[in-house]
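There are 2 protein chains.
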Amino acid sequence: MEITGSHLIAGVESRAGVPTFTSVDPRTKTTGTVRFHDATAAEIDQAAHAAAAAFEITRHYPPGQIAELLDNVAVAIESLGDQLLETADLETGLGIPRLTNERGRTTNQLRAFADLLREGSYVEAIIDTGQPDRQPTPRPDIRRMLLPIGPAAVFAASNFPFAFSVAGGDTASAWAAGCPVILKAHPGHPATSELTARAINRAIEIARFPAGFFSLIQGQGIEVGQMLVEHPSVQAVGFTGSLRAGRAIYETAARRPTPIPVYAEMGSINPLVLLPRALETRAASLADGLVGSVTLGAGQFCTNPGLVIVPNVADTDSFIELVRAKMTERDPGVLLNEHIEAGVKRAVATTTTQRAVEVLTGAGDLDGAAAYCYPNTVLRTTDAAFLADPEALQTEHFGPVTLFVVCDTLETMQQVIRALHGHLTATIHAEEDEAELAGQLYDLLREKAGRLIWNGYPTGVEVVAAMQHGGPYPATTAPATTSVGTTAIKRWLRPVAYQNLPDVLLPEPLQNSNPRGIWRTVDGHLTRDPITR
Amino acid sequence: MEITGSHLIAGVESRAGVPTFTSVDPRTKTTGTVRFHDATAAEIDQAAHAAAAAFEITRHYPPGQIAELLDNVAVAIESLGDQLLETADLETGLGIPRLTNERGRTTNQLRAFADLLREGSYVEAIIDTGQPDRQPTPRPDIRRMLLPIGPAAVFAASNFPFAFSVAGGDTASAWAAGCPVILKAHPGHPATSELTARAINRAIEIARFPAGFFSLIQGQGIEVGQMLVEHPSVQAVGFTGSLRAGRAIYETAARRPTPIPVYAEMGSINPLVLLPRALETRAASLADGLVGSVTLGAGQFCTNPGLVIVPNVADTDSFIELVRAKMTERDPGVLLNEHIEAGVKRAVATTTTQRAVEVLTGAGDLDGAAAYCYPNTVLRTTDAAFLADPEALQTEHFGPVTLFVVCDTLETMQQVIRALHGHLTATIHAEEDEAELAGQLYDLLREKAGRLIWNGYPTGVEVVAAMQHGGPYPATTAPATTSVGTTAIKRWLRPVAYQNLPDVLLPEPLQNSNPRGIWRTVDGHLTRDPITR
Chain B
854 MEITGSHLIA GVESRAGVPT FTSVDPRTKT TGTVRFHDAT AAEIDQAAHA AAAAFEITRH
914 YPPGQIAELL DNVAVAIESL GDQLLETADL ETGLGIPRLT NERGRTTNQL RAFADLLREG
974 SYVEAIIDTG QPDRQPTPRP DIRRMLLPIG PAAVFAASNF PFAFSVAGGD TASAWAAGCP
1034 VILKAHPGHP ATSELTARAI NRAIEIARFP AGFFSLIQGQ GIEVGQMLVE HPSVQAVGFT
1094 GSLRAGRAIY ETAARRPTPI PVYAEMGSIN PLVLLPRALE TRAASLADGL VGSVTLGAGQ
1154 FCTNPGLVIV PNVADTDSFI ELVRAKMTER DPGVLLNEHI EAGVKRAVAT TTTQRAVEVL
1214 TGAGDLDGAA AYCYPNTVLR TTDAAFLADP EALQTEHFGP VTLFVVCDTL ETMQQVIRAL
1274 HGHLTATIHA EEDEAELAGQ LYDLLREKAG RLIWNGYPTG VEVVAAMQHG GPYPATTAPA
1334 TTSVGTTAIK RWLRPVAYQN LPDVLLPEPL QNSNPRGIWR TVDGHLTRDP ITR
Chain U
854 MEITGSHLIA GVESRAGVPT FTSVDPRTKT TGTVRFHDAT AAEIDQAAHA AAAAFEITRH
914 YPPGQIAELL DNVAVAIESL GDQLLETADL ETGLGIPRLT NERGRTTNQL RAFADLLREG
974 SYVEAIIDTG QPDRQPTPRP DIRRMLLPIG PAAVFAASNF PFAFSVAGGD TASAWAAGCP
1034 VILKAHPGHP ATSELTARAI NRAIEIARFP AGFFSLIQGQ GIEVGQMLVE HPSVQAVGFT
1094 GSLRAGRAIY ETAARRPTPI PVYAEMGSIN PLVLLPRALE TRAASLADGL VGSVTLGAGQ
1154 FCTNPGLVIV PNVADTDSFI ELVRAKMTER DPGVLLNEHI EAGVKRAVAT TTTQRAVEVL
1214 TGAGDLDGAA AYCYPNTVLR TTDAAFLADP EALQTEHFGP VTLFVVCDTL ETMQQVIRAL
1274 HGHLTATIHA EEDEAELAGQ LYDLLREKAG RLIWNGYPTG VEVVAAMQHG GPYPATTAPA
1334 TTSVGTTAIK RWLRPVAYQN LPDVLLPEPL QNSNPRGIWR TVDGHLTRDP ITR
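As you go down the protein sequences, you meet chains B and U in turn.
Adding 853 to a residue's 1-based position in the first sequence gives its number in our numbering.
Adding 853 to a residue's 1-based position in the second sequence gives its number in our numbering.
Think of the hints as simulated: they come from the structure by calculation, not from any bench.
A virtual CB, placed ideally from N, CA and C, is assigned to each residue, including glycine.
Please note that a few of the clues may not be correct.
[What the hints assert, rightly or not] The following residues of chain B were derived to be distant from chain U, with all beta-carbon distances above 10 Å:
| no. | residue |
| --- | --- |
| 1 | Tyr914 |
| 2 | Ile1059 |
| 3 | Ala1060 |
| 4 | Gln1079 |
| 5 | Glu1104 |
| 6 | His1192 |
| 7 | Ala1202 |
| 8 | Ala1291 |
| 9 | Arg1299 |
| 10 | Ala1302 |
| 11 | Asn1365 |
| 12 | Gly1370 |
[What the hints assert, rightly or not] Derived DSS-like pairs (lysine-lysine); straight-line CA-CA distance at most 30 Å:
| no. | chain 1 | residue 1 | chain 2 | residue 2 |
| --- | --- | --- | --- | --- |
| 13 | B | Lys1343 | B | Lys882 |
| 14 | B | Lys1343 | U | Lys1301 |
| 15 | B | Lys1343 | U | Lys1343 |
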């Protein structure tokens, strides 16, 4: 399939804008030959209007029809075959095995939402039947369900060219809700984005959906995204990326004449707490696990464990030395692009200007390297230093970097945990006989994260209904929602109640006969039975 | 019970601030003798710190313990007896019968949340059990439930001194979630607020809850509220009031270093659409119903029907004349306070400066009246005028005012509906043989409102689980939530997932044995069964 450098606006190629940009191979820093264009205001307006027009149609589609599209998109992505994997590898340097896994995760996600739609209970139907004879006034019949919110703008991430990009979880969940998506591609992998978008458009055509159900727009700077968020047809925003960009988009949306929700997943350094008996019993496997998690994908995960809170006990120094040695041994991985490389350099440099932050390994330049990269880095500080400026020492480095905070007492460890801001995850490593202490610390950590982990590592987010990928600010702008797992659909839905409508005018999920056979709460009881009267 | 003019900060009286203000009897415009104080920054800080300290304790309370408090608060409010009703009547002029009803609604709400907690499934437990033998990597055990978000700031409304005030729906739902509440009282009924707060404090003492679970702060201006919203201990905001104040609070919260959600219920004029056969068949009862709904509580309801969209048919003029006559006949009701009176005057004056807005009755001054009041007002305009400036003609008047928009064709009627912004409700009156047309219009209206009504009136919000009291902006800042009905609890909860935690470290709702016997989604199936392995 040919890459032309076009936006795909409701299925139509367009490339009117300047400036232009190209892919860059992060392994060699060589640029690609296809030029991609920053979207113009007119192109964004076209995409938004097409999305609004599509919504007029798709908001009436039964879930089964949308499920079919999701399945078709999965097939269309698979049909791109090796070209998709090779293009993504060339643009991201993530490697074929990882990208093959990520493609599987992406198509699995699409199919998981298709299953959710076919089951149908996600509309959360609640029915309180009328009481015409109630005194002094009759009680009306009230029936409530979730309906799609409208066209969604989705911002793709650099570090997941499939699973958090064009046909990733934000797109899949918004579509599942019935919402058209205008996808702002990440400039780090524009050709991968265009390929995926072409596959989507083929599936949309086969399923005879309105073309405006999906548009791809490309762009390098913040302006394209801001114009998109400001467009009055856009009703909600999904974003995965940096704190700075996410916050800017959040504030843009809040300033609109009609503010809209922004579901931004941003910065997180995912604290790990190691308890003494765990350190004592299994230092070697802990060090292996930690180093594996910190360096996975060159540390470019939002679930990267960037902060390790350890007690100052007999085994601490030797454990940290073990981690240092393993981190030094490993070859540094390839970073996605020059911005990531510049970002991790800048962030580590800022952290290491703090007094009492010691560089154990890494933190230098790898000048002259052929690839974008950064040395595997281990930093160390004290409980007192962390508590003196907890914000500064929770900076996300976004790379293969972790910071040990050595705590002299259980009290200072608790204080360090209390001083955490919001993160996506928090982990405790402990032995069974430390469960009581672990329980006390989980009680503190649960206020700080969306996912709590026992004797594991935060990288590797399982895509299941129970997953919560979110957390208090600055991890996200919307801690009550998730961007992974099927409950992600709720971000694109809003409840509407129907009062005394004749059965024939009610949407199917609320009709007496329960034609979809879904679970409903009827007069306080959860049931799949029809209402008979 | 004595009214002292104090804030009640974690149960302790405080009144350090200036300026001071008093109650005003809206029937006579005479001021009360007790002086109330604007809260100081120090008082707000005390309340917020006490709330944060209380949260450390109450976030671990089982739902049954909170349910008991809610029941006790209901009893304590009832125990205030006639003093509460008489005080509220003196401060609001709403009358004893209405206030008696509203007190019943308020205590019912508290008890409904107690029932929800005792049933327990509101935590939305989702469990995906582990697959230790999955290849290539084991699937972890993931269990997710909703937990309280933290201390809530709640802003009381002027027009519901009980049901949307100190112990109203926002407070009850936040408490139910386990969140302490700092209540900013409305300056229109400070004595009523203090009385209610004293009853709450008695219940809190009996239930041995930490005193910081509730604080009452008084204040006249916007500054007190803004200081409260800016306090870092506050994690979420509930608000009922004007668009101007709600938007200001929303923007304050969005500018915080750590932004927090604002659930603001603001302006709505609740369009009614009348179809030709309904007008033809039952003009008299329609006119009675409409006039009753517009003038109920002197029009001071957020569900007041302020916009009536009618077709230009043979019966239209006579119907409008009937409404005009009935509105003119009725004595104008008492308005809550001088700000409401000034507001409705100003809003109507602005609307009537629009060309093509005709005053059919009212819209004048009632100078020299003993009470705060405003004449019952009927305005009329054309489809063309509405479509020329739909925002200007959707101004909320907040008083006994309604505007007819007469539509020459079905097409312009549809255009008028498409030009609506967000409202709490939208209503159609139609005969059975107009159901198909009604269905087409509901399909447009459902994008514009949180509740759709058939052959009824929007005033009178039934407090049931299926109720949706919310809507797209500017009706609310958060159209995915409701401020009435038991799902209002979701505003104060956030999900947390537990990965591979030992059963003993899991919260009860997620333990294998399902000790609370709640509904849970286990491996995709809704069940109350325990997990056996």
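Report task. Could you tell me which of the hints above the structure violates, numbers in ascending order? Result -> When the structure is compared with the hints, numbers 5, 8, 9, 10, 13 turn out to be violated.
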